[in-house]
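Asker: Numbers given in the working numbering equal positions in the sequence shown, counted from 1, plus 6.
Just so you know, these hints were derived from the structure itself, not from any lab.
Calculated lysine-lysine pairs in the PhoX-like style (CA-CA distance at most 25 Å, straight line):
1) Lys132 x Lys86
2) Lys75 x Lys132
3) Lys148 x Lys55
4) Lys55 x Lys145
5) Lys132 x Lys148
6) Lys83 x Lys132
7) Lys55 x Lys146
8) Lys146 x Lys132
9) Lys132 x Lys145
10) Lys75 x Lys86
Restraint-style ranges between C-beta atoms, simulated for each label pair:
11) Ala152 x Arg34: 31 to 41 Å
12) Ser16 x Asn50: 48 to 58 Å
13) Leu39 x Ser16: 27 to 37 Å
14) Ser100 x Gly77: 31 to 41 Å
15) Gln122 x Phe99: 25 to 35 Å
Because the structure is a prediction, the values reported are computed rather than measured.
Each residue gets a CB set at the ideal place from its N, CA and C atoms; glycine is no exception.
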Amino acid sequence: MDIVSLLSLSAIVTSTGLMAVAFRQHSRNTRTLRILHSQRISANSHIQKTRMDLMETRNRARLLEETVKNGTSAVEKVHKAITTTTFSLIDRFSSNEEFRENARRARETHDQTSDQIYRSVHTTNKALHILADTLFFGKKEKQLTARKKPKDEQ
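Take the sequences, apply the hints, and build the full model.
Answerer: Given below as structure tokens:
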């Protein structure tokens with residue numbers, strides 16, 4: 007073998023070795039990239055799940071507030087219909103004027119008291135919703151904006 011052949015053979019062996027090293031490095035880099043990509047997907051998935059949980063909880067709180075509000079309004083309407091009917095019948099069919107006058111005063115007192123009670127129920131329901139929103143949802147939103155996992159999941 008002459009020197010040119012030896013140099014060519016040496017160049018081929020060297021380039022083959024370099025290609026093998028480059029291929030191994032490429033394989034390692036690809037594997038590392040896949041691991042990083044899966045970790046990023048996992049982190050985003052956790053954030054998205056937390057956001058969805060928060061949204062679901064907030065929607066349930068709104069539903070609860072609306073249910074109490076609508077239920078209270080329905081009870082209030084039925085209550086007013088019953089009392090209106092009752093006091094109207096007393097006023098219409100009572101033969102005793104003193105009894106009618108007492109019933110009118112009782113109706114005024116009853117209507118004022120029941121209006122105050124229903125207003126209190128509506129106000130309390132709204133206040134509880136605001137309080138829950140401030141305490142629970144505000145804290146959760148701060149955790150989300152910090153983009154950190156809660157301590158129990160780290």
